[in-house]
Amino acid sequence: MIRLENVNKTFRGRDGTAVEALRDISLDIAAGEFVAIVGASGCGKSTLLRLVAGLVPTSSGQVMLDNAPVTEPRTDTAMVFQAATLLPWADVLRNVTFPIRLMHQHDTKTDDKARALLATAGLSGFETKLPRELSGGMQQRVAICRALLQEPRVLLMDEPFGALDALTREEMSLELLRLWSARKMAVIFVTHSISEAILLADRVVVMSPRPGRIADIINIALPRPRSFEQEGTEEFQRCAARIRALIFKGRDANAA
Amino acid sequence: MIRLENVNKTFRGRDGTAVEALRDISLDIAAGEFVAIVGASGCGKSTLLRLVAGLVPTSSGQVMLDNAPVTEPRTDTAMVFQAATLLPWADVLRNVTFPIRLMHQHDTKTDDKARALLATAGLSGFETKLPRELSGGMQQRVAICRALLQEPRVLLMDEPFGALDALTREEMSLELLRLWSARKMAVIFVTHSISEAILLADRVVVMSPRPGRIADIINIALPRPRSFEQEGTEEFQRCAARIRALIFKGRDANAA
Amino acid sequence: PARAQDRVLLLLDWIPTGEHAAYFSGVARGAWRENGIELSLARGYGSGDTVAKVAAGVAPFGVADISAVLAARARQNAPVRSIMQVYSHSPHSMFVLRSSGITSFQQLDGKRIAITPGNSHRLYFPEVARRVGINPERIQWVNTDASAMAALMITKRVEAAPFFAIHHYYQNKAARRAGEEIVVLPFVETGFAIYATTLMTTDEVIQRNPDLVRRFLRGAASAMTWANENQEQACRLHVQRNPEVELDDCQGSLRSTMSYVFNDHQRQTGLGRQAPDRMNFTWQQVASSLELAPGWNYSQAIDLSFLP
Amino acid sequence: MQPDRKARLIASLPAWGATIALLLIWEISVHVFQIREFILPAPSAIWEACVSAWPNLLRHTLATLGTVLMGFFASVIISLPLAMLIASSPTTSAAIYPLLVITQSIPKVALAPILIVALGANEMPRIIVTFLVAFFPLVVSSVAGLLAVPPELIELGRACRAGRFQELLRIRLPFAVPFVFGGLKVAAALSVVGAVVAEFVGADAGLGYLIQTSMAFFRTPLAFGAVVMLALMGIVLFQAVALTERLLFPWSSSVEGTTTATS
Amino acid sequence: MQPDRKARLIASLPAWGATIALLLIWEISVHVFQIREFILPAPSAIWEACVSAWPNLLRHTLATLGTVLMGFFASVIISLPLAMLIASSPTTSAAIYPLLVITQSIPKVALAPILIVALGANEMPRIIVTFLVAFFPLVVSSVAGLLAVPPELIELGRACRAGRFQELLRIRLPFAVPFVFGGLKVAAALSVVGAVVAEFVGADAGLGYLIQTSMAFFRTPLAFGAVVMLALMGIVLFQAVALTERLLFPWSSSVEGTTTATS
Ligand SMILES: Nc1ncnc2c1ncn2[C@@H]1O[C@H](COP(=O)(O)OP(=O)(O)OP(=O)(O)O)[C@@H](O)[C@H]1O
Ligand SMILES: Nc1ncnc2c1ncn2[C@@H]1O[C@H](COP(=O)(O)OP(=O)(O)OP(=O)(O)O)[C@@H](O)[C@H]1O
Ligand SMILES: [Mg+2]
Ligand SMILES: [Mg+2]
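Protein chains in written order, with our numbering: chain A, 1 to 256; chain B, 257 to 512; chain C, 513 to 820; chain D, 821 to 1083; chain E, 1084 to 1346.
Don't read these hints as lab results, they were simulated from the structure. Treat the numbers as computed from the prediction; the structure is a model and nothing was measured. Glycine included, each C-beta is placed from N, C-alpha and C at the ideal position. Be aware that a few hints might be false.
Interface residues of chain E toward chain D, partial, derived using beta-carbon atoms under 7 angstroms [unchecked claim]:
hint: 1; residue: L1123
hint: 2; residue: A1125
hint: 3; residue: I1189
hint: 4; residue: P1190
hint: 5; residue: A1193
hint: 6; residue: S1224
hint: 7; residue: A1272
hint: 8; residue: V1275
From just these sequences and the hints, can you work out the full model?
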């Protein structure tokens, strides 16, 4: 469904220097597949998501979605940004329904659906608050609800649980998995938590920094439905060790 | 050194409803102590830091620092905000030196110190970049460097490693511990990672939500210097289990 | 009467003051209506502007200084003509304070005089100076805004300020309140007698509807004659239409105005007509002050043949 | 609401204080320095002149108010789409901006005869002149607001497939609201002076006309009365815009509120 | 730099195109509709008048330029501190703003006699009038910029113990730079028309003076030539401000750059 072919991305900074964010990325993602991306800070994870979302063009290579090149954002793709990025003037409910309204897919049930989603994210009673009246984690949850309400075929999530505590994170993870298995969308999930990546994904893409490349892709053979009890299994520990090794190898390779 | 006495904080929202963020918080922190705060999203952790920083007034009760009530920010207190909060028009180096310049403590060595700090945070070569040219994790590291450069006596950190991958997070944790033991400042460290809290802190304050209260305070008896190998120790696992229980109990109590 | 009424607009040369009471009272009393014309009046923004607008067809008739008509025709070939000479000489004057001790033009030698840019007084002054034998080069002109001219004089920042004598009445009233009195030195006293305000129209109106021109002038003559003989009543009618004007101000300036229309010269030439020598002198003065070609035949800008 | 209104009342006290102080200083210095009436009449003299010419003054005030309002609304109706057009692309901006600068740097009186000849001696030229005086700051501040949107929000809009137009309408415009209202406040004040300029150029009624006639007849106190009416009209319009902002876009004015409340 | 300059050249093409198209339409319609010279002279007639009166025109242009620049700098010097004062507290804002609105809604010509009598018929009243015409939009947009700073940055400043003044100088002011420059552009254009208004009020040289005298002498093409010089002056000043912004505050103008570059 999603196919990246030898994608390169170089940014030209304002101070004149060029930063090579991604080098030679090739990746295939099937419909309904859940792929996690891990890697050191600055290795190009967000850039990769932006490319798939059609928000920035590649420097070379191509991003294909349903066999058509991605040149601009699509209605069936939803993105959770790394920062919550809420509209400061709109209340929580309007923020969540914003994309739907923008795409004129708003109907009488939209508000109810949005309320239900907010409730599963533990935000009942905050529908009429403004973003600046929320805590950091609450803002992030609003952003997640916004993406989920779009019922996309491709869901791109950039460290969506970064500002959440262990408890909320677990709850949101399970809710995400439930929605994913019900709707069978393709998910690309950037995270800095190795265990989160393993618990959620079918495959984990490990990236190495400077320039961002794919170090390896790990298949997670844990049975579904997943639960946090699986953290103790041998397969989990094997995958975790493998990913840790890849990431920490990056350090040594870099230092060399 | 820092003493909170029966502190309460209630926000009055724009929609007219009041949110009780903190209720009856009492806490004593000694000079040079490292205290971590964990708790569910929205339980008032950021609000607590803001109170200690003197950025918002209490609704009732008092925050004392060196036996004087805190009514406004102090020069010897530095804060890392939950969002990076960089000046969009200034490059990385100027962002890091901004507080020092503002407080007229800038001298010829400041820039060199700032560069050295940025290097330990893995940001060498990015001194002349603008914030919007950095990845999320890089921005967060700049914000941490900014606070550390102030060499404060009280360091308030609000989920400073939230956007960092496992590797960078470990490196930054160790660097923080190194600086802390060298300078012996008091640190209040908000995190959503239980293991991070245990690895770093002398005591972990566990908060429960709605309204935010102190559920319990856990003493961490692990010897210093700390290292990630200690994660395997029995003391670590005992503390982790205790904290998990407290947090997850909050869920049940809330549901009831 | 049963005659169809022509709707006609007359553009004045400036805001309606007592100077225009003849027109307003004439309209109120039906001086034009009995000539088959339904006349309306609109304020003007200076003679030049009125001439331009009449030439552009905004209105068929206008009240404008003859110099503006001559200049527009000579310089820009605007098809405009004066059709009635209203003022037989110009009200150009110098105002001075009695307390300044100045009583004649000779005493203005080397003095400071307030002026506005493009003011015709400044253009004509050299001739006046020549006539009284002072050097116009020695005058210090102080450029300012029209509304500040009198203020500068009464605060004694300048010794004199040029105005039309018609405005003396209310200006002096204001000066009295400030404990001063204004003395008028009319240019005409030095023998500087040039024609001034006229009624004017365009060639097109004359060609298309000569009868309208004739009827319009008949109404104008009757309105002026009546206003001259019934000044107080004329002003009452004027003030009714123009509440900004106070009755005594109106009478003050109408009295003065009428002395420019009905006087010995008018009795010699007839109302609205010109004497060739004075017109000749007028052209010389206008041509030299506005830098027009002196050889140009000014009679093409004048057509007094429709006067009653 | 109640304490809000009280706070606003208290906030308006310094303005009243300043005004009253100014009037007192004015009245006293006129008497002490014996300033001539036709240069600067005392407030008391202005008051008397206004009272005695009241019906007339009212008539002219209403005439001007009509022009002001129509010119102001013309500014709003034309400026906002124009600002969006300018903000929508550097090309249109490069083509339109210089033309707008020209309309600003040439004196409006130079245009008046053309307008009157082209459009006739009716209300139209006055509205156009008022518009020309008032609209430019509104355009500039609206454009500034539309372009000041943080890039993240623009990216959010693009991710939601907002077209150029939707981006303008749903993201840039709401963000620009405080700036648009800043511009509207200037436009309100300038509409008043614009209407007077227009009346200097072509009108038989209105406060501009009254000022001219009163000055011509040396009734300076009445002329100043007209000026005072203009000032009042400016303040009332300005406050009306501010009130509209508070009522329709509470979050907009609250931006001020929060930042100043941190003190 | 090189491709940048080229891009800017290309960006300026529509402006030139628009100007040339406008001139052509103007010239042609004057001939086709036989518009009288004293209402609207053709560009060719204006050009001839300008050429034949060139040294004189240049002299008047320089005189006006002097007034414009002094008035503009007066606006800058006074508006920025004023804006900071207004932005610094709701109290000062409530006290000062209405007074500023008054200065805007009263016609400047009404002030002429007072200024001239009080200060004499010299350069001073002209600079004051220019200033009064130009400064208000600058104040309003600077205030809008100073108050638009996101609350997080204000909190950062407070955490660094920035006082009111430092907060203004080190956080609000840099943030407001794009808005200040928006205001400066308006002020530049308005300074030009302000200087002309000032010259109508009292001057023996300058383009305003030239317009009045040319009109009095029925030299309409020359008067329009003066108007064209004014328009040119406005555009040059406007572009000078824009250039200064690009040179001194590249990040400010780049805000436009990035947002428009997303297209
Ligand atoms: N400025 C504000 N106005 C109104 N309510 C606020 C404000 N700031 C915080 N709150 C409320 O106070 C409560 C605590 O917020 P706080 O930011 O302290 O949470 P937190 O523990 O830091 O959460 P997180 O882990 O998600 O950052 C929340 O319910 C929030 O809605
Ligand atoms: N708009 C931009 N302009 C210039 N350089 C950029 C831009 N965006 C990203 N970069 C650079 O590209 C590299 C990759 O950035 P990216 O945001 O993709 O990292 P990331 O993997 O998401 O990191 P993190 O985990 O810290 O969010 C970084 O070195 C960054 O400096
Ligand atoms: Mg990222
Ligand atoms: Mg928080």
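message = For a quick check of understanding: which of the numbered hints are violated here, in increasing order?
response = 2
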